[in-house]
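Number of protein chains: 2
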Amino acid sequence: MHNKSTHFKQIDPLFHPRSIAVVGESSSGKIGPGFLEAHINQGFSGNLYAINPKGQVKNYETYPTLAEVPGPVDHVVISVRAEFLKQVIEDCVKKKVRSAAMFTSGFREWEGEKGAEKEAEILAMAQKGGLRLIGPNCMGFYCPDSGLSYRADMPTIKEGKISIISQSGGVAMTPVYAAAEKGIGFAKSISYGNEVDLGAVDFLLYLAEDPDTQVICMYIEGTRQGEALRNAMKKAASAKPLLVIKGGRTDSGSRAVVSHTGAMAGSHRMWEAVCRQTGAMLVDDIGEMLDVAKLALFSKKPAGRRMGIVSVSGGLGVMFTDLFTLNGFEVPKFNESLRNDLKQWVDLPGTSIRNPLDMATAFFSMGTHPQLFARLGQADNLDILVVVLAMEYLGSGNMPGGEVTNYFLHVLADSFDKVKKPLVVIFPETTKAKDRLDMERFLISRGYPVFSDVARCAKALNHVLDHSPQEA
Amino acid sequence: MHNKSTHFKQIDPLFHPRSIAVVGESSSGKIGPGFLEAHINQGFSGNLYAINPKGQVKNYETYPTLAEVPGPVDHVVISVRAEFLKQVIEDCVKKKVRSAAMFTSGFREWEGEKGAEKEAEILAMAQKGGLRLIGPNCMGFYCPDSGLSYRADMPTIKEGKISIISQSGGVAMTPVYAAAEKGIGFAKSISYGNEVDLGAVDFLLYLAEDPDTQVICMYIEGTRQGEALRNAMKKAASAKPLLVIKGGRTDSGSRAVVSHTGAMAGSHRMWEAVCRQTGAMLVDDIGEMLDVAKLALFSKKPAGRRMGIVSVSGGLGVMFTDLFTLNGFEVPKFNESLRNDLKQWVDLPGTSIRNPLDMATAFFSMGTHPQLFARLGQADNLDILVVVLAMEYLGSGNMPGGEVTNYFLHVLADSFDKVKKPLVVIFPETTKAKDRLDMERFLISRGYPVFSDVARCAKALNHVLDHSPQEA
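Residue numbers (my numbering), protein chains in the order written: chain A, 133 to 604; chain B, 133 to 604.
Accuracy of the hints is not assured; some may be wrong.
As the list claims (entries may be wrong) - SDA-like, lysine to any residue: derived pairs with alpha carbons at most 20 Å apart:
no., chain 1, residue 1, chain 2, residue 2
1, A, 475, B, 465
2, B, 564, A, 570
3, B, 465, A, 197
4, A, 228, A, 197
5, B, 372, B, 597
As the list claims (entries may be wrong) - Computed spacing ranges between beta-carbons, pair by pair:
no., chain 1, residue 1, chain 2, residue 2, range
6, A, 462, B, 344, 41 to 51 Å
7, B, 503, A, 219, 30 to 40 Å
8, A, 480, B, 357, 40 to 50 Å
9, A, 404, B, 356, 26 to 36 Å
10, B, 538, A, 135, 51 to 61 Å
11, B, 549, A, 432, 50 to 60 Å
12, B, 433, A, 190, 22 to 32 Å
13, B, 471, A, 399, 24 to 34 Å
Just so you know, the hints here were simulated from the structure itself, not pulled from any lab data.
These numbers were taken from a predicted model, which means no experiment stands behind them.
Idealized CB from N, CA, C, for every residue including glycine.
Could you put together the complete structure from these sequences and hints?
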């Protein structure tokens, strides 16, 4: 902590409140995200209070007002209608609350200038009392390590290494759900909404220093602090990979932004330039963001674009060779020495040892995989190894390996461990999608990035290869 | 049948053999696809024989040689090593077999010119006896309606409408597995391998006339009949959508082709031109092929590119508006009259009725969905409707609709039925992937094309919109 900036020291405690009050949830209320239950399910270990003037919220320690809570309240989650927000902020200030996340919507994004004025009033009240605000029109904080959460069904994976800052509540949570499906956790998800006080700049600078965060994702629709944001992006991107989705890059998307978060979108070209200059990576959607994050977490940066492809299916090998080549990669012929060595293990009709290595039935000769992969890893004209799997060759009872799929996957992962080069797995979605998902999770748990789509894999690899971080 | 060509009348019976013999499978053999079991599992109702000189094949009527089979044999599947193939072909000719599919590999694709010579000898033998050959180096025929199959675990969906012709055995089967996972069947899958006799031209012309086939897919690495293939493609593409993957479009891919099927790949530009001139659609991979097939089966061609987007998440709505716009679609502002009508159903903070229609919590007001979708379907400045779903809004116990997800999906499908315009669903892979897959299947069973990826959806729609079939 002694190396950290003042800014970090101000923001970090907000993610570690000792006590939280949720204002505006009732037992019967089925509308709303369920902030109380969210914190219980995430294992929040501090004091958790429900604030409801209309009576007891079942299962929660309830008080009619914040003032009546006996001890201190560090953080408040506000889930009341817009017309009641001012009163709650006033109560927070009186209670000396440290921070409030406002789920409440109906301001700038709904009423434009009139909403912005209401936001300004709220900010003025908060600033007088030293209260920091998140939102309004946001989900607030998700942080599994300290038990913060904004929806009851949020993943509970601890020690995730990705964090996201998002102007949209939906886009704050969707990547967390999607990554968890593959067993990948998030350190923090921050939905900041209309950023009346704390916003993209503050959280970017914070995450740049956050030791729990290895990859920063950002979804942004617009900003009112152009220069500060650019500087924060540069600082963050020089510290760790920063992946940015810009919502409202097109005229139609920009029109949607106005009604979504009330922000001005800015031109697409400008955002492209900002990302290039700051060393951030501009990605198109959540899938691409997670693809690049996966590579950043699980793979060293390849030294170049020369790719060795190992496939069990000749046709898929040909097709994927084409697609990688069309996307800027080289699939160079294996050299003589490698081919001579490969002949020990792969030498039957149906196979080919040129690159792609079409293993055909030799794929099921598990015993020699560790040697074979170790040898491929030594090839000096290859920068990256791509292994093509397919459920129709892994999971069939009638094919060799059918009954030993799990053992086979372990052999594969052990063999991949012998490769001293970046290795990615292409595992298309074909048959037995549900079993495939379990296998994908296993391979990811062993530290290998898995992609179902070659074009997406190539795009993510290109991001990583094209990226050169700036000096801070 | 009286309208059909002589060619059709010659080929069609091959897909309806009364009896089949599989040569070269043993009870103990775990290597190989399991052709005998494949036909049983697919419900083949004719006589099925195992031919094995080394003794009884468990559970199958077995004879040492073809000659000893008591009745006629229409079709033979040959799964012997290359050196035994000639003998089996000779036996087929003596037995007056109509067609033989040769799984056997190790010819042109393995030995080059020498292998091609062996193929020529085999062809000469067959032609003398009126035997039609498929392969070698192929999987042969899959046709659920007549019980033909080449792997024990092949899907058994009847009345599928897609057919594929593939030079690669893997690429013949992978799309069938992938489509079945979504509940979509294939009419025929034809793996033709080295096409010593019957090949791409014959099967294209056949499928062009096949009443069970509504969409033709083709994976081709190379051809020795350029002009005939072009004519066949033109004929097929004028009859129904023809989707082509060209394996070996790049130098590296082309090198892979030589060892895969022994074909010459031809230049990428040439294949692009051939597809354009014949009205075929050139696609990049199996996913894209199935995406376009799905649209061809389940959606009328949109009148244009003006898109209405309905989303439950504001952020996803913005992001997808951007992506569709960047991919050539328009997302025009809803007109005044539509917006006035929409206000009846969608009018809360968090919603927006401009386009995208950001429904937010109004998404869960199921009762008014039929009216709302009917009204959207009448919008005269929209050509196509895109509905954005997301598991995190559908499947959560804590969100409205959580416990009634299945009912909700039925309401949605019923509401979609009111839309008299092409409608596609974007349903990203986020949380609960396994449940999502079941929901995707349901929506597809109701006739709605579902995509998990916007970029892929846009690409498929662009194929359909850009496509103008040629006159035959």
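Right, here's what the structure says about each hint:
Straight-line distance between C-alpha atoms of residue 475 of chain A and residue 465 of chain B comes to about 63 Å, which puts the hinted pair past the 20 Å bound. Between residue 564 of chain B and residue 570 of chain A, the direct Cα distance comes to roughly 12 Å. Compliance with the 20 Å bound is thereby established for this hinted pair. Proposed proximity of residue 465 of chain B and residue 197 of chain A is contradicted: the alpha carbons are some 44 Å apart, above 20 Å. At roughly 14 Å between alpha-carbon atoms, residue 228 of chain A and residue 197 of chain A fall within 20 Å of each other, so this suggested pair holds.
The suggested pairing of residue 372 of chain B with residue 597 of chain B holds, with an alpha-carbon distance near 15 Å, which does not exceed 20 Å. For the pair residue 462 of chain A and residue 344 of chain B, the beta carbons lie near 43 Å from each other, so the given range of 41 to 51 Å is met. Separation of residue 503 of chain B from residue 219 of chain A is about 38 Å and conforms to the stated range, judged on CB atoms against 30 to 40 Å. Restraint check, residue 480 of chain A to residue 357 of chain B: a C-beta distance of roughly 29 Å breaks the suggested window 40 to 50 Å.
Distance hint check: the CB atoms of residue 404 of chain A and residue 356 of chain B are about 48 Å apart, inconsistent with the given range 26 to 36 Å. Hint check: residue 538 of chain B to residue 135 of chain A, Cβ distance near 54 Å, so the stated range 51 to 61 Å holds. Taken as a hint, the range 50 to 60 Å holds for the pair residue 549 of chain B and residue 432 of chain A, whose Cβ atoms sit roughly 52 Å apart. About 54 Å separates the C-beta atoms of residue 433 of chain B and residue 190 of chain A, a value inconsistent with the hinted range of 22 to 32 Å.
Here the CB-CB span from residue 471 of chain B to residue 399 of chain A is close to 27 Å, well matched to the stated 24 to 34 Å.
In the structure shown, a violation is registered for the earlier hints numbered 1, 3, 8, 9 and 12, in ascending order.
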